[in-house]
Structures are given as C-alpha cells and as structure tokens.
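Work the whole structure out from these sequences, hints included.
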Amino acid sequence: MLRSKTIAFLHTNTPHCTDPGACDALRPPPRRPPHDPNQHRDHEQLDPSHPHRTILHAFVYTAPIIRHKPNRLGTRTVIRRRAIEPQKGPFRQRIRRFPPQRFPRTRRFLAPLLFVATALTGCQTAQQPPLCLPETAHAPIEQPPAPKPVPGTLTAQPSDWAELPGTAHDTLEGALTALARACPTLSNGYREWQPLCAGLPTNAPLPEQRAWLQTHLQPWQLTAHTADGQRTTGLLTGYFEPVIAASRTPRPDYPFPIHAPPPDLVTVALESVVPATRHLRLKGRLVGNRVVPYYSRGEIIAMGTRFPAPVLFWAKDPLDLFFLHIQGSGRLRLAEGGEARIGYADHNGHPYRSIGRLLVARGELPLERASLTGIRAWLETHPHARDALLAENPSYVFFRELPPPSSDPADGPVGALGVPLVAQRSVAVDPRFLPLGAPLWLYAPNAPQPLAQLVVALDTGGAIQGPLRGDFYWGSGHAAGARAGRTKADATWWLLWPRGANPPVTRNAPLAATAR
680 MLRSKTIAFL HTNTPHCTDP GACDALRPPP RRPPHDPNQH RDHEQLDPSH PHRTILHAFV
740 YTAPIIRHKP NRLGTRTVIR RRAIEPQKGP FRQRIRRFPP QRFPRTRRFL APLLFVATAL
800 TGCQTAQQPP LCLPETAHAP IEQPPAPKPV PGTLTAQPSD WAELPGTAHD TLEGALTALA
860 RACPTLSNGY REWQPLCAGL PTNAPLPEQR AWLQTHLQPW QLTAHTADGQ RTTGLLTGYF
920 EPVIAASRTP RPDYPFPIHA PPPDLVTVAL ESVVPATRHL RLKGRLVGNR VVPYYSRGEI
980 IAMGTRFPAP VLFWAKDPLD LFFLHIQGSG RLRLAEGGEA RIGYADHNGH PYRSIGRLLV
1040 ARGELPLERA SLTGIRAWLE THPHARDALL AENPSYVFFR ELPPPSSDPA DGPVGALGVP
1100 LVAQRSVAVD PRFLPLGAPL WLYAPNAPQP LAQLVVALDT GGAIQGPLRG DFYWGSGHAA
1160 GARAGRTKAD ATWWLLWPRG ANPPVTRNAP LAATAR
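Take any residue in the sequence shown, note its place counting from 1, add 679, and you have its number in our numbering.
To be clear, the hints were calculated from the coordinates, so they are not data collected in a lab.
Hints are not guaranteed to be accurate.
Restraint ranges, calculated between C-beta atoms of paired labels, are given here [what the hints assert, rightly or not]:
| no. | residue 1 | residue 2 | range |
| --- | --- | --- | --- |
| 1 | Pro-1083 | Pro-837 | 11 to 21 Å |
| 2 | Ala-924 | Gly-1042 | 54 to 64 Å |
| 3 | Phe-986 | Arg-1032 | 42 to 52 Å |
| 4 | Thr-928 | Arg-1079 | 16 to 26 Å |
| 5 | Glu-1015 | Ala-1180 | 44 to 54 Å |
| 6 | Arg-1012 | Arg-1032 | 26 to 36 Å |
| 7 | Pro-863 | Val-952 | 21 to 31 Å |
| 8 | Thr-905 | Leu-1046 | 20 to 30 Å |
| 9 | Val-971 | Cys-876 | 15 to 25 Å |
| 10 | Asp-1087 | Val-971 | 41 to 51 Å |
| 11 | His-1157 | Gly-1035 | 12 to 22 Å |
Source: prediction; values computed, not measured.
We treat Cβ as the ideally placed atom computed from N, Cα and C, and that holds for glycine.
So this is what it looks like as structure tokens:
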C-alpha cells in the first residue's frame, strides 16, 4: 500500500510576499492531533483569533490512498480519497469516502507538481512578483571575471583603415604582386580567400587597388601577451640577399665549400600523429637504431673534406659564407663568369645563436655597433678569434641551386612559402603565430628608412621567433645589406584579413625549427 498526501491552497487576501520571511507563512502547518469530536463542525466560518486567519480562507488536504488489488485479469489500481477540511477553532478532520475508481500509474506524479505550482502562485502579488526562496538566494550573484589572455599568445582586435598610419602615402608598388604569389597558399588553406584571390586587381591603377584593399580586407591590430603584460610593438630586423664571390670548382683562393643537404641527415616529422608539431622538424642522424643530434657547425668545419655532403660551390671568403648562412640565400658571382643563385634547402637542426650578442656580452663590442657591419669589422681585426667565434653559432645551413637571377626587383630569392620574394614587400614571420602568405600592415617609423606600408609574410627564419617578431627583406646587393644591417626597430603590426571572417591567429604552438 502506497500513501501520498497532496496539499492544495486557495489563497485570498494574502499579504505581500516581499521578504523571505513572509514566504514561511505559506508553508503547510504541521500535523495536528485529532480534535474533540463534539467541537463545532461549521467549516465555512473561521475563528478570527486563529493565527492563519489572514492567510487561509480554505485549507484542504486531499490524501489519496492507493491500493493495488490483484484479480484474475491482472492488477487493478483503486484510489480512495480522504478530504480533511479546517474547522472553526483548532483544525478538525472530517472524512469523506469516495467510491473506488481507476487511477492510472502516471498520475501519481501529478499531485506533487500541483502542490509546487499552487504554492508558487500563492506567493505572487500585483505590485512585484516575489520568489519563495531561502534568504541566501536573495544575495546578488557575482559574475566571474573575464578570462585573461594566456602569456605567450597573440590576439587580434578589429581596427579601421583610418587608424593605419601611412595608408595615403603607400604607392603599393609590388604589394599586390607579392599578395598574388601568396594566393595559392591562402586559397588552399582558407576558403574566404578564394573569391578575393580570383578578383585581385594586380595590374589596376593605384586608386583602384587601394579601394579594393579597403573594401575587401579588415585590419586587425595585433597584441602580444607576455608574463610582464601586453604590448602592441615587436622587434623588426632586416635581411637581404648577399652577393658573394664563388666558383663551381675548388681553387686555391676558393677553399670554403657551400654544401647541399647530406645523405645521412634525417628529419623527424610527427604532424600526422601529433598535429601540434606541424611546425616542428627534428633533425639528426642515425646511429644504430637511435636518432642523435646532427653535427654542429664546429664539427662540420673540423671534418673538412671528410664531411659527406655534396659541394655545390666554393666560396672565396669565410665571412661572406657565414653571413650567407645567416641570410639563407644569395647570389654568387662566379669565377667562371656569370651569376648563380642558391637558396635554403635544409639545416642541421641546431638553434641559431647570435655572435653579435656574444660580443656584446663579453664586452668586445658596444651594443650600438652590434650590426652586420660592426660584427664584420671586429672579425676582420681579430682573425685569430674568428674560427672559434663562428663555431659559437652551431646552426649550419645547406643550400640548393635556383634559376639564375634577373634584374627585376620582384625576382628575389625563394622564401619559405616556395615563391620568390619581392624586395621591400616581403617579411619573415614566426608561423606559429601568423599564417604564411597573410598580408600585413607594417609601421616602423624608426627603421633606417621609415616604414608604413603593406607587406606579405612570404618567409620564415630561425632567429625570427615570437608573436610580433618580423624580418624585413630589403633586396639584393651591398646597399640592401647596409640597410638590413642597421635595421633594428620597434614595429606595430596589423593583420589584413577578409571582412566577415575571423583571423587565424595561432597561439602557444611549439617552437619552429626552420633556420635561415
């Protein structure tokens, strides 16, 4: 036998339930013992002195008694109801019997729901709908603070073309050419670039190009978040394509080899198993069944002709060759006549280490002279310390021969994206934070030549690491090298991305192992 009790309220002239204490009066009174049977039975009139007079005009208990009676056809559910009504004075019971009737099993849960709905209805007033909640529920709920950006991340905030410095003075010469070379990568990786690349006005007049950029691309200002706070500027350096003297065959005055990738160099790529390592390339060599670090610069130079890598060319000056390794590409003025071009093919996997910083740390060179020109001058005046200092940078680059260069400034060396760089329109970035091929607006007023212009991320570099780190490609030759050597300035960056799409700013990716 299952017993359940349902309480129903008929609420009239209820006082305002504006504080949590008033709601306590609406809770059902505790059970009372049976009263005197001779007491007055008129339940239509309530005792004026009763404490619940202003709350209840009628208070009815409906107590269904449910029994399950088996018979030949199965189990029959029968309900008998018992009504308990308030009487004058203390509450008194009067029991009414109802005939048995069918009671579906699903209606057992209807009674508690009716009780909750009626109790909440009784708490409402015309002026303000209160809540019958505990006192703690009336306290204001504190909103959690907005999450702070994680240190070591890059965020982008939407901006406007009017906020970009120098937009009215940029001639855009070569800018859309560089963007057109990045379009195959952008279209394959980001669907929003497909219609824009199809309608890129590369050969249109300047006003039309400028209108197209401002109509289709949304500027996003980039902010780097570090443990010390946030900043909107990052270090900008410069690089160039050096021109050095070389020969295709070894000669007494051309003794320094320019190597192609060696056959025993092993690359470990794990992006198919761990996608987060797509920018990580481990380099080494096999010793038995183990991969060990590959030879460092000092070890390769010490091995001499015993080093197993093929030799493409022979350089005349060791310092020219060292800076060729840093730049990652160059032009060769051949002793046999004519010119050749070589580009980055691979590297030994060791991290790049700046010899300029070493000289400054050792007090050999003041900070303001730690440029390419200053470092070269120190090495020429200290020939006895040259080889040991160069070996302090363990990174070693291997090259490949490229098609011969032309006089077109847009015909630069091939960058990490696999397309030729455009002079003064190409930059190297850290691909962990910015997508390769993305157009950027660069503002560096303290560069050797103030920069406020559109550039395209067509390259990477081993020393280019960080969310706002950039390397500006100045071009080929001695003049470009002089400007690149003096470039060390703060730069502000805006990412230009198709309107209506969120920019793919990458965060907390593993360190890249590319080098230049």
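For each hint given before, does the structure comply? Return the numbers of the non-compliant ones in rising order. 1, 2, 3 and 9
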